[in-house]
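Q: In terms of my numbering, the sequence shown has 103 at position 25, counting the first letter as 1, and numbering is strictly consecutive.
The hints are simulated quantities; they were obtained by calculation from the structure and are not laboratory data.
Keep in mind that the hints are not guaranteed to be accurate.
To be verified - The calculated lysine-lysine pairs, modelled on DSS-like cross-linking and capped at a C-alpha distance of 30 Å, are: (1) 172 - 147; (2) 230 - 147; (3) 147 - 243; (4) 158 - 230; (5) 176 - 243; (6) 158 - 172; (7) 172 - 230; (8) 243 - 230; (9) 147 - 176.
As the list claims (entries may be wrong) - Cβ-Cβ distance ranges computed for the label pairs, FRET-style: (10) 232 - 181: 21 to 27 Å; (11) 175 - 227: 21 to 27 Å; (12) 177 - 209: 17 to 23 Å; (13) 218 - 195: 32 to 38 Å; (14) 205 - 184: 19 to 25 Å; (15) 188 - 140: 32 to 38 Å.
We put the CB at the ideal spot given by N, CA and C, even for glycine.
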Amino acid sequence: MKKCILAVSLFSLLSLNLCAQQSKPSPSTPKAATPELRETPKTTNATSQSSNTASWTPTLPVGTPVRMKLETPLYSASTKAGDNFAGRVLEDVKFEDKVVIPVGTSLQGHVLQVSDPRRIKGKATIVLRPESLTLPNGQRYVMNAAVVDTNKVNGTDVDDEGRIKGPGHGSHDALEVGAGTGAGAVIGGLAGGGKGLLIGAAIGAGGTVAHWLSKKNSAYLPAGSEIIFELSRPMTVTESASSQRGAL
């Protein structure tokens, strides 16, 4: 009887020991990978890319062209220094193949100087000073630039100092003066000989010059005229605008 009890006791101890060993994790079984640890590098990379996008601050260099369509007519006979003008950008301005100033951007400025001479020599001129650009998203930037060209409307041109010049008096006008002087001389000669010839020439020339000076040779740029500016100072776009460049 005692042997039976002893055998049962040994069997119970062996069973308990076996259960305890099975409940312990096997040292050869690898631990499960933590999902958070595997996802952390991806999250860090995405954050880094977002930071790089937000910090993109392009600087347009000196000489960058900005093509504009004028919305305010300019006329040297009536426009005054200090008058405002406005227009719209006609072509995307890009930096590193990315749009910085999109089509439709508003350009504002003022007239710096106007001259409208009525002399035989000299051409009417208009000097423009652009001040700012306002992007479609509302961002506004200071702009320093000078006029380099127009679409030659009404015979206008641009000199090396950025002045828009009117047509002035050309060779056709000189022919008019010569014709008027000759006609006056002929009439004076028929009326009074040599002395009348000189008087007639003077009268003919005077009348033609008066007509010449009364002609409209002012610089005139109607609304819709195209003007090309070039930046005279670098222009940097802020982060808040560059972060929205994909929607422009």
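Q: For the range 21 to 27 Å, tell me whether the beta carbons of residue 232 and residue 181 fit it or not.
A: holds, 25 Å
Q: Is 21 to 27 Å right for how far apart the beta carbons of residue 175 and residue 227 are?
A: For residue 227 against residue 175, whose Cβ atoms are near 24 Å apart, the range 21 to 27 Å holds.
Q: Has the hinted range 32 to 38 Å been met by the Cβ atoms of residue 188 and residue 140?
A: Because 22 Å falls outside the window, the suggested range is violated.
Q: Need the status of pair residue 176, residue 243: alpha-carbon distance at most 30 Å?
A: violated, 35 Å
Q: Measure nothing beyond the straight line between the CA atoms of residue 243 and residue 230; if it is 30 Å or shorter, mark the hint as holding.
A: holds, 10 Å
Q: Take a quick look at whether residue 158 and residue 230 sit within 30 Å of each other, Cα to Cα.
A: Given that 30 Å is the threshold and the Cα spacing comes to 21 Å, the pair holds.
Q: Keeping to a limit of 30 Å between CA atoms, is the pair of residue 172 and residue 147 held or broken?
A: holds, 18 Å
Q: For the hint 17 to 23 Å, verify it against the beta carbon of residue 177 and that of residue 209.
A: holds, 22 Å
Q: Sort out whether residue 230 lies within 30 Å of residue 172, counting only the CA atoms.
A: At roughly 26 Å apart (the allowed maximum being 30 Å), residue 230 and residue 172 satisfy the hint.
Q: When you take the CB atoms of residue 205 and residue 184, is the distance between them in 19 to 25 Å?
A: holds, 21 Å
Q: I want to verify a distance hint. Is the separation of the beta carbons of residue 218 and residue 195 within 32 to 38 Å?
A: holds, 37 Å
Q: Are residue 147 and residue 243 close enough, with their CA atoms no more than 30 Å apart?
A: It holds: about 18 Å lies between the C-alpha atoms, which stays within 30 Å.
Against the hints set out earlier in the document, violations occur for numbers 5, 6, 15.
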